[in-house]
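J.: As a plain string of letters, each chain reads:
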Amino acid sequence: MKLKTILMAGALSVAGSVAAAECAFENTTELRSLTAGFEAWKAVTDAMAECGNFEANLDQEFREKQPEAFAAEPSLYHIGGVSNSTMIPLLNAGTIRPLNDLVEKHGQHLKPNQLITVDGDIMAVAMMVNNQHLMYRTDIFEELDLEAPTTYDEYLEAAAVIEEADVVQYPLGGTFKSGWNLGEEFVNMFLAHGGTFVDDNNMPTINNEKGLASLEQLKATTEYLDPEYLASDSTYVQQQFQQGQIAMANLWASRAGAMNDPEESQVVGKVTMASAPMGPEAPVSSIWWDGIVIAANITDEEAEAAFRVAMEGMDTEMVQANPEAAVWLVDGYEPGEIAAGAAATAANGARPYPASSAMGIMHSVLGNGIAAYLNGDKDAETTLADIEAAYMTSAKEAGLID
Amino acid sequence: MKPKVFAAFVGPSIFMMLLFIAFPLLSVFWNSFNVTQPIYETVEVESCTAGFLEQTCTTEMETRPVLNEDGEIMRQTEFVGLQTYRNVLEMDRFWEAVSSGSWTGLQNIDFWAALRFTVMFTLITLPLVVGFGIGIAMVINNASQFIRGPVIFISLLPFIITPVIGALSINWLFRGDGILTALLEWWLEQDLALFAQAWTIELLMMVYRVWHVAPFAAIIFYAGLQTVNQDSLESAVIDGASRWQRLRLIIIPHLAPLIIFVAMIHLMDAYRVFEEVVGFRAEGHVISLQWLTYDFLKPDQAGNRSISRASASAMLTMIGIAILLVPLLKRTWRDHKGTH
Amino acid sequence: MTAKALRQPASLKIVSGTFLAVWCVIAAFPIFWITVMSFKSPVDAFDANPFNVIFGPATRAGGSGWSILEIVLALAVVWLTARITMRRVPALVAQYSPGGFVALGWVVASALIGVGFVLAFFGLLPLVSDFLNPLVGPLGRDIIGATTEHYETVWIDRGFSNNFKNSLIVTAGVVTISLSVGTLAGYGIARSGSTLAFWILIVALIFRALPHSVLVAGYLPVFINSAEWLSPILGENAPTLYGKPAAVIAVLVAINQPFTIWMLRSFFANIPADLDEAARVDGCSHFKAFRLVIMPVMWPGVITTGLFSFLLAYNDFLVTSLLLDASNQTMVPAIAGMFNRETTTTDQVVAVAAAVSITAPLFLLVMVFQRQIVSGLTAGAVKG
Numbered sequence: 015m016k017l018k019t020i021l022m023a024g025a026l027s028v029a030g031s032v033a034a035a036e037c038a039f040e041n042t043t044e045l046r047s048l049t050a051g052f053e054a055w056k057a058v059t060d061a062m063a064e065c066g067n068f069e070a071n072l073d074q075e076f077r078e079k080q081p082e083a084f085a086a087e088p089s090l091y092h093i094g095g096v097s098n099s100t101m102i103p104l105l106n107a108g109t110i111r112p113l114n115d116l117v118e119k120h121g122q123h124l125k126p127n128q129l130i131t132v133d134g135d136i137m138a139v140a141m142m143v144n145n146q147h148l149m150y151r152t153d154i155f156e157e158l159d160l161e162a163p164t165t166y167d168e169y170l171e172a173a174a175v176i177e178e179a180d181v182v183q184y185p186l187g188g189t190f191k192s193g194w195n196l197g198e199e200f201v202n203m204f205l206a207h208g209g210t211f212v213d214d215n216n217m218p219t220i221n222n223e224k225g226l227a228s229l230e231q232l233k234a235t236t237e238y239l240d241p242e243y244l245a246s247d248s249t250y251v252q253q254q255f256q257q258g259q260i261a262m263a264n265l266w267a268s269r270a271g272a273m274n275d276p277e278e279s280q281v282v283g284k285v286t287m288a289s290a291p292m293g294p295e296a297p298v299s300s301i302w303w304d305g306i307v308i309a310a311n312i313t314d315e316e317a318e319a320a321f322r323v324a325m326e327g328m329d330t331e332m333v334q335a336n337p338e339a340a341v342w343l344v345d346g347y348e349p350g351e352i353a354a355g356a357a358a359t360a361a362n363g364a365r366p367y368p369a370s371s372a373m374g375i376m377h378s379v380l381g382n383g384i385a386a387y388l389n390g391d392k393d394a395e396t397t398l399a400d401i402e403a404a405y406m407t408s409a410k411e412a413g414l415i416d
Numbered sequence: 038m039k040p041k042v043f044a045a046f047v048g049p050s051i052f053m054m055l056l057f058i059a060f061p062l063l064s065v066f067w068n069s070f071n072v073t074q075p076i077y078e079t080v081e082v083e084s085c086t087a088g089f090l091e092q093t094c095t096t097e098m099e100t101r102p103v104l105n106e107d108g109e110i111m112r113q114t115e116f117v118g119l120q121t122y123r124n125v126l127e128m129d130r131f132w133e134a135v136s137s138g139s140w141t142g143l144q145n146i147d148f149w150a151a152l153r154f155t156v157m158f159t160l161i162t163l164p165l166v167v168g169f170g171i172g173i174a175m176v177i178n179n180a181s182q183f184i185r186g187p188v189i190f191i192s193l194l195p196f197i198i199t200p201v202i203g204a205l206s207i208n209w210l211f212r213g214d215g216i217l218t219a220l221l222e223w224w225l226e227q228d229l230a231l232f233a234q235a236w237t238i239e240l241l242m243m244v245y246r247v248w249h250v251a252p253f254a255a256i257i258f259y260a261g262l263q264t265v266n267q268d269s270l271e272s273a274v275i276d277g278a279s280r281w282q283r284l285r286l287i288i289i290p291h292l293a294p295l296i297i298f299v300a301m302i303h304l305m306d307a308y309r310v311f312e313e314v315v316g317f318r319a320e321g322h323v324i325s326l327q328w329l330t331y332d333f334l335k336p337d338q339a340g341n342r343s344i345s346r347a348s349a350s351a352m353l354t355m356i357g358i359a360i361l362l363v364p365l366l367k368r369t370w371r372d373h374k375g376t377h
Numbered sequence: 007m008t009a010k011a012l013r014q015p016a017s018l019k020i021v022s023g024t025f026l027a028v029w030c031v032i033a034a035f036p037i038f039w040i041t042v043m044s045f046k047s048p049v050d051a052f053d054a055n056p057f058n059v060i061f062g063p064a065t066r067a068g069g070s071g072w073s074i075l076e077i078v079l080a081l082a083v084v085w086l087t088a089r090i091t092m093r094r095v096p097a098l099v100a101q102y103s104p105g106g107f108v109a110l111g112w113v114v115a116s117a118l119i120g121v122g123f124v125l126a127f128f129g130l131l132p133l134v135s136d137f138l139n140p141l142v143g144p145l146g147r148d149i150i151g152a153t154t155e156h157y158e159t160v161w162i163d164r165g166f167s168n169n170f171k172n173s174l175i176v177t178a179g180v181v182t183i184s185l186s187v188g189t190l191a192g193y194g195i196a197r198s199g200s201t202l203a204f205w206i207l208i209v210a211l212i213f214r215a216l217p218h219s220v221l222v223a224g225y226l227p228v229f230i231n232s233a234e235w236l237s238p239i240l241g242e243n244a245p246t247l248y249g250k251p252a253a254v255i256a257v258l259v260a261i262n263q264p265f266t267i268w269m270l271r272s273f274f275a276n277i278p279a280d281l282d283e284a285a286r287v288d289g290c291s292h293f294k295a296f297r298l299v300i301m302p303v304m305w306p307g308v309i310t311t312g313l314f315s316f317l318l319a320y321n322d323f324l325v326t327s328l329l330l331d332a333s334n335q336t337m338v339p340a341i342a343g344m345f346n347r348e349t350t351t352t353d354q355v356v357a358v359a360a361a362v363s364i365t366a367p368l369f370l371l372v373m374v375f376q377r378q379i380v381s382g383l384t385a386g387a388v389k390g
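Protein chains in written order, with this note's numbering: chain A, 15 to 416; chain B, 38 to 377; chain C, 7 to 390.
Simulated from the structure, these hints should not be mistaken for laboratory data. Among the clues, some could well be false.
Residues on chain A that point at chain B, a partial pick, calculated with CB under 7 angstroms [as the list claims (entries may be wrong)]:
| no. | residue |
| --- | --- |
| 1 | Gly-108 |
| 2 | Pro-112 |
| 3 | Thr-131 |
| 4 | Val-143 |
| 5 | Thr-164 |
| 6 | Ser-192 |
| 7 | Asp-214 |
| 8 | Ala-234 |
| 9 | Glu-237 |
| 10 | Pro-241 |
| 11 | Ala-385 |
| 12 | Glu-411 |
Beta carbons are placed, not taken as given, at the ideal position from N, Cα and C, and that holds for glycine.
Whenever a hint applies, use it, and build me the whole structure from the sequences.
T.: The structure is reproduced here in structure tokens:
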């Protein structure tokens, strides 16, 4: 890094901040947002910042801070970034406002699919969806004369063939990191078996044949994974893919773009996207969305300005500038090859992630409890019984059941 | 010193500790005996969520908290006595495992598994830290004056490095085909997966902790070595004491107060082992007490957190440290009485 | 001293020398390795072959690298900096700092060295090597692939300098307040033989044993709503403490007090009580005696303790990540954020570069203060 470049970049960044670029209106209200920090949010908040007087907080701890900060009088942030599950605490506490009026006034261009409604009130505006789908190495599949698997059993069979042929280090990749990631793997598998996690009284309903079958499928998968699977998260699986160490994975759609990034991938153009393999009832996947909410504890003027700024952040222009950052819901997005897997998975009937307060607890106890089964410390029945017991303790403490 | 003057000297410090440590501590104590929870109602809700092309709308029974007229969640607090402690300790399962003599049964209970690892971690690293500390201090002391400065500088590196960064760099070196794993594989001529089973992870965590803390011990012992009474060393030489006897009879006793100090600090820090568990992604294999507390405290996606169990497990952690510290505290008390 | 009698046999010398050498390699290797990684393209940085990581073929193919000449020059700059810092600076500081402001002199000196190094390494060096490279033939050809683009990304695109500034504010605040409050308390406890003093010490020790995560989670709601509950006292101007560096400083000072008191108490206990008693006989109050007699001799211990406070504040993750906004975050949570959110491999190397950047000031600090640490400890800051 040469001094000249430092100085020039400094000068440029100053110049850049002076010229508020490409925003349809000039925002004069001080606005702040609190969102997660991944690529899509960076693109959206950068576009919002063009309107001026806007401070974006891309925070890793947003999950912990958001409920408290939105409950303050007045709310510390105007715009919040949520997903289907992180919206729950804000919705429960009534700290986000219905957007019906604002959508009518400034959001006529939004697609109906983007409007997240609860009892007829629009509570959030979604900007992107995400799910898990199959990614596989076309070259390896051609070499071994394999067909792209459509069911999970075929997925495992193909893994066995690849293992036999010994062409890559590990046939499969999986986000089995103990905790949230592992919980999500079970959730997908259980949804694919047509299971429901809790009943109407919030009592757990996972200790049954569907639960056992799901666990067994997960265990069967681990045979073909890197033995350090309990420490592997999506970034790690993505890197394994990029370095040509694995041949297949059922991975997040938001990771698909990285496979073809010439800067860091050694398998550019060799990875094909397809639908997530089918379980007995649905694809082994769950559909998530991310979007914005507006705080309740702010003035109506602030809310209006915040909504307008947010709409500027989620416009066609932003999507066209960042087509690879996510599977956008925004008008003007043209799904390319990369999004084919996500689309096919949805078309095959993938179920939405069943977000609720009880599900939050269920997801955590699943994520903590399944490792013992995969390690061989417990058998499947004990594992599920222990997970249900842990769920009961947590749900009682939270007040969800008596 | 008059009480008034004493109060003026220590006042600001005490005030800050009371405000930011003692007061939260009281609330932790209170929370461990009480449970605060929202009042829930079950209502039928129609909700629409985004799909890929079309929305999915469902009508379901949903549980949600009741809001009061100010729009805030209504909560109730209930005194539950030791119930939360029982939930953390899971005593019925504990006795079941003990009476059937099943070690795996015991290790399947989170708290006891965490306690096992935490105590083992603390007790194994303690002598290693002290031992390596003394060793490093002595060889630095033995080095020629010319290179001492750079050597002390290099020795201090593991101690000053930001713990989060340190754990991460160990991760890169050992994870998957990390450079040091590759080296070990080449040396042992077999495939290794260091993060695939509990014992290698535990070993790595201990190695990391010793690497991180030994320099702190070493620099303190090195300072201590500078004040060893040279006269008594010389007379020992004249008396024909061997090198080993001089070390055992003169140097170690001279360092004794420092060893106690280092041991005390290390016991407290090691018993709170946490960064390693997160940094090494060990949660699937081993957990520690502070990790357990943290996990109770961390809100899940829907915002639920187990404050009561976190408080109980924090109190239990404190009790554990207090027990470990008793022998050292006794000695401090004797010293205190002795000097005044 | 009878040097002959104490002389060591060759075997012992060799063993001791080898042990020291091995230890130095173990101590420095991880840091050395992440430094190497930070200069490579993502493909090289995470390569399984160590030689590819060191020589960086993909990085060199990308068109950026260092020639032998540049490496020699770079090493020379590093060596010179280290040498000047260790040899010259202490004397200069002692000479130019007005009495009683030695600590301030050190701060200024460290800042100057840091700025000087960055200017020489990133400013002067490329100019010189650009000029010389064509002249020296093969020595001027790139042999090691290396790129500073990740540092550019961190410091310029990601605005890491803002995090750096926040870290400076928090660290400076914590060290200053922690030492002022702790010195008084340490002195008070050391000179008071009362049982109360002992119990304060023990309770402080137990406070130190508390798991921080529990304490910190309790602060969050209180700090976020502080405008509400402070308004009866402060009226309209009641601040929201959440996100304010001052609040983080207060918390870190409190958390750090137990250790500070312990260190300073044992340090003061080793300063003969006769000194200040003599002053008291001459009619000084406790405070005056403290100021006139103790202050001039307490600096070694205070500097050492201050260094520990510095490390705590600078390295803290738990408190800063939870109580600060993303816009006024310090460096450690900023880096952790770079790693933990959904990242690309390039992001990871950028984060490695950030990790190296955060370690550099610590390097400088230890280089400058190394002698003071040892002399402070020797003077009794740790007599238990």
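J.: Each of the hints needs a verdict: does it hold here or not?
T.: How the hints compare with the structure:
A hinted interface residue such as A:Gly-108 counts as satisfied when its beta carbon comes closer than 7 angstroms to some beta carbon of chain B; here the least separation is about 5 angstroms, so the hint holds. With 7 angstroms as the threshold, the beta carbon of A:Pro-112 stays out of range of chain B, its nearest partner Cβ sitting at about 13 angstroms, so the hint is violated. For A:Thr-131, the shortest C-beta to C-beta distance to chain B is roughly 5 angstroms, which falls under 7 angstroms, so the interface hint holds. Of the supplied interface hints, the one on A:Val-143 holds, with its beta-carbon coming within about 6 angstroms of a beta-carbon of chain B, less than 7 angstroms.
This hint is violated: A:Thr-164 has a C-beta 18 angstroms from the nearest C-beta of chain B, more than the 7 angstroms allowed. For A:Ser-192, the shortest C-beta to C-beta distance to chain B is roughly 3 angstroms, which falls under 7 angstroms, so the interface hint holds. For A:Asp-214, the suggested interface contact is upheld, since its CB lies about 4 angstroms from the closest CB of chain B, less than 7 angstroms. Annotation: interface hint on A:Ala-234 violated; nearest CB of chain B at approximately 17 angstroms, more than 7 angstroms.
Annotation: interface hint on A:Glu-237 violated; nearest CB of chain B at approximately 13 angstroms, more than 7 angstroms. Below 7 angstroms, beta-carbon pairs count as interface contacts, and A:Pro-241 has one with chain B at about 4 angstroms; its hint therefore holds. Because the smallest distance between the Cβ of A:Ala-385 and any Cβ of chain B comes to about 4 angstroms, under 7 angstroms, the interface hint for this residue holds. A least Cβ separation of about 5 angstroms between A:Glu-411 and chain B falls short of the 7 angstroms threshold, and the interface hint therefore holds.
Consistency with the previously given hints fails for numbers 2, 5, 8, 9, ordered from lowest to highest.
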